[in-house]
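Line order of the protein sequences matches chains L and S.
Going by our numbering, the first sequence opens with residue 1, and the numbers climb by one from there.
Going by our numbering, the second sequence opens with residue 1, and the numbers climb by one from there.
Hints in this document: simulated from the structure, not taken from any laboratory.
Be aware that a few hints might be false.
Said to hold, decoys possible - Mimicking EDC-like on lysine to aspartate or glutamate, the simulated pairs with C-alpha atoms at most 16 Å apart in a straight line are:
1) L:Lys-127 - L:Asp-105
2) S:Lys-98 - S:Glu-81
3) L:Lys-129 - L:Asp-103
4) L:Lys-114 - S:Glu-73
5) S:Lys-65 - L:Glu-83
6) L:Lys-131 - L:Asp-43
7) L:Lys-124 - L:Glu-58
8) L:Lys-57 - L:Asp-105
9) L:Lys-76 - S:Glu-73
10) S:Lys-132 - S:Glu-96
11) L:Lys-124 - S:Asp-64
12) L:Lys-127 - L:Glu-112
13) L:Lys-129 - S:Glu-107
14) L:Lys-127 - L:Asp-43
15) L:Lys-129 - L:Glu-45
16) S:Lys-138 - L:Glu-58
17) L:Lys-129 - S:Glu-105
18) S:Lys-78 - S:Asp-60
19) L:Lys-114 - L:Glu-58
20) S:Lys-138 - S:Asp-64
21) S:Lys-155 - S:Asp-64
22) S:Lys-153 - S:Glu-96
23) L:Lys-114 - L:Asp-43
24) S:Lys-138 - L:Asp-56
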Amino acid sequence: MNTTIETQRQSANQNQARETRAGTGDGRSRGFVTPPANISATDNEYVVEVDMPGVDKEGLEITVEGNELTIIGRRKSELPEGEACYCESPQADYRRVFELGPDVDTAGINAEMKQGVLRLRLPKSEKAKPKRIEVKTT
Amino acid sequence: MKLLRRERQDRGALTPSQSGAASGTELNRLRQEIDRLFEDPFSLLSPNASFFQDWSPSVDIYEDKDKYVVKAELPGMKREEIEVSMDGNTLTVSGERKQEEEKKERENYRSERYFGRFQRSITLPAEVQANKIEASYKDGILTITLPKSEAAKPKQIPVKTQ
């Protein structure tokens, strides 16, 4: 399938190296988990939705470097008083990297965070939009 | 005849294959589930494994001397869509997670997020005060605070000397 945005499949080593780097950046050594994402597209834009419960606007870090879109979501570390007696949630931050196709207008990327779901709108550049070509009769 | 066939071949090359992109969510889900099994064979045992089942949110439980705190990860829901009920010592969280937007005229490339009904029941080890349970929903996390009943709270027993 020739999708324009594809999850980058990095080798485990590479991934780990990056994570360590990202983790030591602010002195925190929490690991990362990969949050589930949906990607869809219309003629005008791509929409990327990522589930990151526990992350608010301030905990988000979205960067575009070259054709790489990196999303990092840091959970707010507010633990309720008391001891954890049963835990299923990943006690880690979220991180996901997508490779952008050349048709994404990176300057126009728009992000919205609502109840732990990040919605990114990535407009397609004018060049990439489908155009109707008028046929002239002579 | 020959011309016609050639024309059709050209068309095929120009329009990208839709079969993959347009395949149903269920099929995608199955594929992901199979991928996941190869990557992590034990994931089938985790509460998030779901072969066409309803999804099941992750739950954390905390306890201190006078209350329990239950946290459930329910990203992207509306407050009204979450139901919390208490029956004896059993707390039940249920609801339905709906797709936020109409997916009309959209081509789906990837769908990993779960939608649909869910229900989780948790039996707490001690009695709680059902009328004092509080629930709040923020950043996609439902937090339920359940104060323990007086009888369940630990008590200090003074030791008398004679």
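- So which of those numbered hints doesn't the model satisfy? Violated hints: 7, 8, 10, 11, 12, 18, 20, 22, 23; rest satisfied.
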